[in-house]
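S.K.: Just so we're aligned: the sequence shown equals residues 2 to 281 in the numbering used here.
Hints are computed from structural coordinates only; laboratory data are not their basis. Warning: the hint list may mix true and false statements.
[Unchecked claim] Using 30 Å as the maximum straight-line C-alpha spacing, the simulated DSBU-like pairs for lysine-lysine come out as follows:
| id | residue 1 | residue 2 |
| --- | --- | --- |
| 1 | K184 | K169 |
| 2 | K169 | K192 |
| 3 | K173 | K158 |
| 4 | K173 | K192 |
| 5 | K189 | K169 |
| 6 | K169 | K158 |
| 7 | K158 | K192 |
[To be verified] Derived DEER-like restraints, expressed as beta-carbon distance ranges:
| id | residue 1 | residue 2 | range |
| --- | --- | --- | --- |
| 8 | K192 | A162 | 17 to 23 Å |
| 9 | E228 | E208 | 24 to 30 Å |
| 10 | N252 | A162 | 23 to 29 Å |
| 11 | G168 | E120 | 21 to 27 Å |
| 12 | L141 | E221 | 35 to 41 Å |
Built from N, CA and C at the ideal position, the CB exists for glycine as well.
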Amino acid sequence: MTKARVSEYEQERLDNIRQNQELLVALNLVGENAVTLSAGPARKISAAKRTHAAQDDEDGGWGGGRRRGAAREPARRSKRLRGEGAEAVTAAEERVVETGDASGVLAAAEDHFPAAVVEAAIRVTGHYSGWVEPAVMARLGLQGSAAEAWESQGGGKFSFADPLGTGKRVAKRAVPAGQSVAKFVASKLLKKNPNAYFYRHTEPGVEQWTGDWTEEETREFLRLAREFGCGDKWGLFSTFIPHRVGYQCSNYYRQYVISQGWVIDDNYRIDSTGHAVYVG
Numbered sequence: 002m003t004k005a006r007v008s009e010y011e012q013e014r015l016d017n018i019r020q021n022q023e024l025l026v027a028l029n030l031v032g033e034n035a036v037t038l039s040a041g042p043a044r045k046i047s048a049a050k051r052t053h054a055a056q057d058d059e060d061g062g063w064g065g066g067r068r069r070g071a072a073r074e075p076a077r078r079s080k081r082l083r084g085e086g087a088e089a090v091t092a093a094e095e096r097v098v099e100t101g102d103a104s105g106v107l108a109a110a111e112d113h114f115p116a117a118v119v120e121a122a123i124r125v126t127g128h129y130s131g132w133v134e135p136a137v138m139a140r141l142g143l144q145g146s147a148a149e150a151w152e153s154q155g156g157g158k159f160s161f162a163d164p165l166g167t168g169k170r171v172a173k174r175a176v177p178a179g180q181s182v183a184k185f186v187a188s189k190l191l192k193k194n195p196n197a198y199f200y201r202h203t204e205p206g207v208e209q210w211t212g213d214w215t216e217e218e219t220r221e222f223l224r225l226a227r228e229f230g231c232g233d234k235w236g237l238f239s240t241f242i243p244h245r246v247g248y249q250c251s252n253y254y255r256q257y258v259i260s261q262g263w264v265i266d267d268n269y270r271i272d273s274t275g276h277a278v279y280v281g
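Could you build the full structure based on these sequences and the hints that come with them?
M.R.: Below, the structure written as structure tokens:
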């Protein structure tokens with residue numbers, strides 16, 4: 002079989018991997034010898050736009066969990082697991098040739114990224130094991146755990162119909178004009194359910210940034226992922242990144258961190274366009 006020429010997409014993917022490796026070197030996350038792909042201009046992360054947040058109600062529930070639809074099974078598995086040679090073509094790959102739609106072909110990170118990227122990646126289980134950032138907790142007088150926080154503010158039974166645990170549904174007429182019910186409810190949960198509060202709000206008095214993440218923010222994100230894990234409880238996670246809220250961290254994780262190979266989370270696969278897809 003004649004070896005296929007590297008496609009334009011594949012060349013672009015390799016260039017992106019090289020650029021990401023150079024950024025990892027700049028962030029002191031890998032050694033310089035990890036950058037092994039062809040040379041080219043490095044991409045820079047621009048400074049954050051320090052504007053007031055206009056984003057609202059993007060994704061996640063009251064506590065910032067992922068939307069969980071039906072799990073998507075990988076259409077392409079590792080050649081090692083399939084027991085096939087490199088030239089083998091799956092039925093899914095044949096459909097890609099026929100239809101031109103490659104979005105359904107998913108691969109594990111280990112199969113998608115070069116060995117150097119996989120070796121340098123932070124591995125997580127999809128769960129965050131930490132709590133609120135200690136200084137934030139002290140400033141706001143927050144309890145030391147989720148159970149203590151909930152009970153200290155009256156307790157009650159949590160449900161999505163009654164996220165405040167008061168036994169009453171939230172009346173839409175109580176929600177200020179221009180604000181979603183979700184953001185309104187979250188604003189009432191600072192001390193009772195910090196994860197829900199910080200999923201949609203920054204610390205009181207702290208401006209929320211939108212736009213590109215800075216290198217410092219990216220470095221802190223990866224440090225937290227390495228120390229505490231990540232993948233849920235994004236509100237709590239975001240308290241370590243002052244100007245970001247939980248849904249911004251969740252979006253950055255899915256849309257950038259996973260798809261660049263900086264973190265490997267087995268709850269995700271990479272499609273043939275390089276996007277991360279949640280499979281559970």
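S.K.: Now, for every hint given, state plainly whether the structure supports it.
M.R.: Verification of the supplied hints:
1. Under the criterion of a C-alpha separation no larger than 30 Å, the hint pairing K184 with K169 is consistent with the structure, at around 17 Å.
2. Under the criterion of a C-alpha separation no larger than 30 Å, the hint pairing K169 with K192 is consistent with the structure, at around 19 Å.
3. With a C-alpha separation of about 20 Å, the suggested pairing of K173 with K158 holds against the 30 Å cut-off.
4. With a C-alpha separation of about 22 Å, the suggested pair K173 and K192 falls inside the 30 Å cut-off, and the hint holds.
5. In summary, the hint linking K189 to K169 is supported, as the alpha carbons are separated by about 14 Å, within the 30 Å threshold.
6. A C-alpha spacing of about 11 Å is found between K169 and K158, which places the hinted pair at or below 30 Å, so the restraint holds.
7. Annotation: proposed proximity of K158 to K192 holds, straight-line Cα distance about 16 Å (limit 30 Å).
8. For the pair K192 and A162, the supplied restraint of 17 to 23 Å holds, since their beta-carbon distance comes to about 21 Å.
9. For the pair E228 and E208, the supplied restraint of 24 to 30 Å holds, since their beta-carbon distance comes to about 26 Å.
10. Range check, N252 to A162: about 26 Å between beta-carbon atoms, so the 23 to 29 Å window is met.
11. The beta-carbon spacing between G168 and E120, approximately 52 Å, falls outside the hinted interval of 21 to 27 Å.
12. Checked against the hint of 35 to 41 Å, the pair L141 and E221 fails, with Cβ atoms roughly 20 Å apart.
Of the numbered hints given earlier, the model fails hints 11 and 12; all others are met.
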